[in-house]
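Chains as they are written, first to last, in our numbering: chain A, -14 to 197; chain B, -14 to 197; chain C, -14 to 197.
FYI, nobody ran anything at the bench for these hints, they're computed from the structure. Predicted, not measured: the structure shown is a model, and the values here were computed from it. Some hints could be false.
Label pairs and their in silico Cβ distance ranges [claimed, not checked]:
(1) Phe55/B - Arg175/C: 46 to 54 Å
(2) Phe151/B - Met54/C: 51 to 59 Å
(3) Trp48/C - Arg124/B: 34 to 42 Å
(4) Ile(-10)/A - Leu153/C: 53 to 61 Å
(5) Leu178/C - Thr156/A: 53 to 61 Å
(6) Leu178/B - Pro154/A: 50 to 58 Å
(7) Leu178/C - Trp48/A: 48 to 56 Å
Derived list of chain B stretches under chain A, where covered just means 3 residues or more per stretch with a C-beta under 8 Å from a C-beta of chain A [stated by the list, open to error]:
(8) 60 to 66
(9) 130 to 144
(10) 177 to 183
Glycine included, each C-beta is placed from N, C-alpha and C at the ideal position.
The chain contents come next:
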Amino acid sequence: MTLLILDLIGTFVFALSGAAAGVRNHLDLFGVLVLSFAAAAAGGITRDVIIGAVPPAAFSNWWYLAIAMFAGLLTFWRHGLIDRMRRPVLIFDAGGLALFAVTGTQKALEFGLSPVMAALIGMVSGIGGGMIRDIMLARIPTVLKSELYAVAALLGAVVVTLSHVFSLPATPMMILGALLCFTLRVAAFRYRLHLPIARRASAANDQGSRRS
Amino acid sequence: MTLLILDLIGTFVFALSGAAAGVRNHLDLFGVLVLSFAAAAAGGITRDVIIGAVPPAAFSNWWYLAIAMFAGLLTFWRHGLIDRMRRPVLIFDAGGLALFAVTGTQKALEFGLSPVMAALIGMVSGIGGGMIRDIMLARIPTVLKSELYAVAALLGAVVVTLSHVFSLPATPMMILGALLCFTLRVAAFRYRLHLPIARRASAANDQGSRRS
Amino acid sequence: MTLLILDLIGTFVFALSGAAAGVRNHLDLFGVLVLSFAAAAAGGITRDVIIGAVPPAAFSNWWYLAIAMFAGLLTFWRHGLIDRMRRPVLIFDAGGLALFAVTGTQKALEFGLSPVMAALIGMVSGIGGGMIRDIMLARIPTVLKSELYAVAALLGAVVVTLSHVFSLPATPMMILGALLCFTLRVAAFRYRLHLPIARRASAANDQGSRRS
Chain A
-14 MTLLILDLIG TFVFALSGAA AGVRNHLDLF GVLVLSFAAA AAGGITRDVI
36 IGAVPPAAFS NWWYLAIAMF AGLLTFWRHG LIDRMRRPVL IFDAGGLALF
86 AVTGTQKALE FGLSPVMAAL IGMVSGIGGG MIRDIMLARI PTVLKSELYA
136 VAALLGAVVV TLSHVFSLPA TPMMILGALL CFTLRVAAFR YRLHLPIARR
186 ASAANDQGSR RS
Chain B
-14 MTLLILDLIG TFVFALSGAA AGVRNHLDLF GVLVLSFAAA AAGGITRDVI
36 IGAVPPAAFS NWWYLAIAMF AGLLTFWRHG LIDRMRRPVL IFDAGGLALF
86 AVTGTQKALE FGLSPVMAAL IGMVSGIGGG MIRDIMLARI PTVLKSELYA
136 VAALLGAVVV TLSHVFSLPA TPMMILGALL CFTLRVAAFR YRLHLPIARR
186 ASAANDQGSR RS
Chain C
-14 MTLLILDLIG TFVFALSGAA AGVRNHLDLF GVLVLSFAAA AAGGITRDVI
36 IGAVPPAAFS NWWYLAIAMF AGLLTFWRHG LIDRMRRPVL IFDAGGLALF
86 AVTGTQKALE FGLSPVMAAL IGMVSGIGGG MIRDIMLARI PTVLKSELYA
136 VAALLGAVVV TLSHVFSLPA TPMMILGALL CFTLRVAAFR YRLHLPIARR
186 ASAANDQGSR RS
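The shape of chain A in the complex, shown without the other chains (with noise of 0.2 Å):
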């Protein structure tokens, strides 16, 4: 039950981030809607799919539809609302990010797969929305490019597994993964926190591809 709950939050903010970025990227009403599903579902249906739970939620319960398809048109004429915020979808994204990612983690273990597994499942759940978001978009994913955005995926992911291990109380821990998550990635972007990238490994290979 809080795992249902969680994640149509989840859907809920990831469908704000995709139409936010549809309507900034100049599509039209159904484009909007297009995105918005499509950034709600990819994770989840990822998720179900990995996991053998076909068909999966998002096809199986009206909710996901309906959740995504309001938040698109939401977005889509109530735009001042979400003008006022300064980044609307990073933030959006990373709420997605982190509810998908602890509810990701969570139906992975009930479905029997083994802890570590199922937190790996968690983050791809996690990422999925704002990849396919992206690609479609035409654009690198911001899992690729941001900071700590995968690894905020993990955190939330590893609460969950070993609250798990421990046989702590799921809801709580749960609750927990996802504001950890959350906070991980606001900060990292408005810190600008990021990890080592290899510098000189790139000025070596920029090189390297001029010479073949």
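Dock chains B and C against the given chain A, drawing on the hints supplied.
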């Protein structure tokens, strides 16, 4: 049986659209064939993986592969025939969209999905082929940019769904749905029909993105 | 057993190709690791989802993740080793292509698919890793642009298929198939071999697209 025939015709026209896009992008023969097969099979594979019909029809039935290869070779060597059409990629794409939207809906209904979800899966099946074709060519998919693309797929899917709900005969209603979808889509790009774009929102957001 | 070992070596070299592409594109450490895992696991996940072997091997066996992470870290910190190779992405990519083409075919045969379809799935498994790597970097996948890429994968897959049809011993034939595929692919980009391009068609089409 009708389902299989319409599916194979859809495969053929989507393969033509993929091959024509490949030739236009100066791919070599095998690149053209890969793009033919990807465009032709992606929608059906997505549909079958989602509804749990694995291995997907494209991998369990010879015909899909043979037809996609034939369409690719035909386009490659008889490009004169296709050049006489003004917009071959768009027209074949509209045909594939229409046929996969109705066969996707019908197959999902046969697998016991609810009518609304079957229509959604039909829409996704119709969109899938063109989407993977465009993503592989590093472009924003037609579905996000084009006039009434997803709306047309949904129209075809809804006709099939309603025929199921009211127990109408499946074959004529599938053909009707496909014709409506194809006509709407071709009319949309012929007369440049489209849904509204959130203009002020995008202007405001552009400012927002300059600020941030 | 041979299947698992070849699959893991393929995972390692595809992960190296993903990591090298990530370093070259100035991704940070975690971006490099995400791209390593995506390139390494995509082919096998696609194969396993298509043949119904869920959860896919990449999510049910620790080794895939560990090897992909190791390859990513190695590339990141020991880029000097990889810089000495002239075209590291292409060479590792050819190795992954060869190994996944043969293991994909063999696994599909073990799951009871027909020989022709098993070879097709082998080809898709081989192509998958490089395709997702390039799509995530917003590029046209190597398979569409490069010399004899899919042909090489198909050659490796066909060797395994024929060895199955004629009941030859699996292990040496898998190794032979992988070597043939790798050699053909490396020779193709070394000597710039490629299949014909539909030149006049593309010229005519360019005019068509200016007209329309």
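Each hint, compared with the structure:
Range check, Phe55/B to Arg175/C: about 33 Å between beta-carbon atoms, so the 46 to 54 Å window is missed. Between Phe151/B and Met54/C the beta carbons are some 55 Å apart, a value that agrees with the proposed interval 51 to 59 Å. Between Trp48/C and Arg124/B, the C-beta spacing of about 37 Å keeps the proposed range 34 to 42 Å intact. Remark: the range hint 53 to 61 Å for Ile(-10)/A to Leu153/C is upheld by a beta-carbon distance near 56 Å.
One distance hint, 53 to 61 Å for the beta-carbon pair Leu178/C and Thr156/A, holds here, with the actual separation near 60 Å. Against the hinted window of 50 to 58 Å, the Cβ-Cβ separation of Leu178/B and Pro154/A comes to about 54 Å, which satisfies the hint. A beta carbon spacing of about 54 Å between Leu178/C and Trp48/A agrees with the range 48 to 56 Å that was offered as a hint. Coverage of the segment 60 to 66 of chain B by chain A is violated in this model, with 0 residues showing a Cβ closer than 8 Å to a Cβ of that chain against a need of three.
Counting residues of the segment 130 to 144 of chain B whose CB falls under 8 Å from any CB of chain A gives 6; the rule of at least 3 is met. For a cut-off of 8 Å, the count of residues in the segment 177 to 183 of chain B with a CB near a CB of chain A stands at 5, and the three-residue condition holds.
The structure does not agree with the numbered hints 1 and 8 stated previously, though it agrees with the rest.
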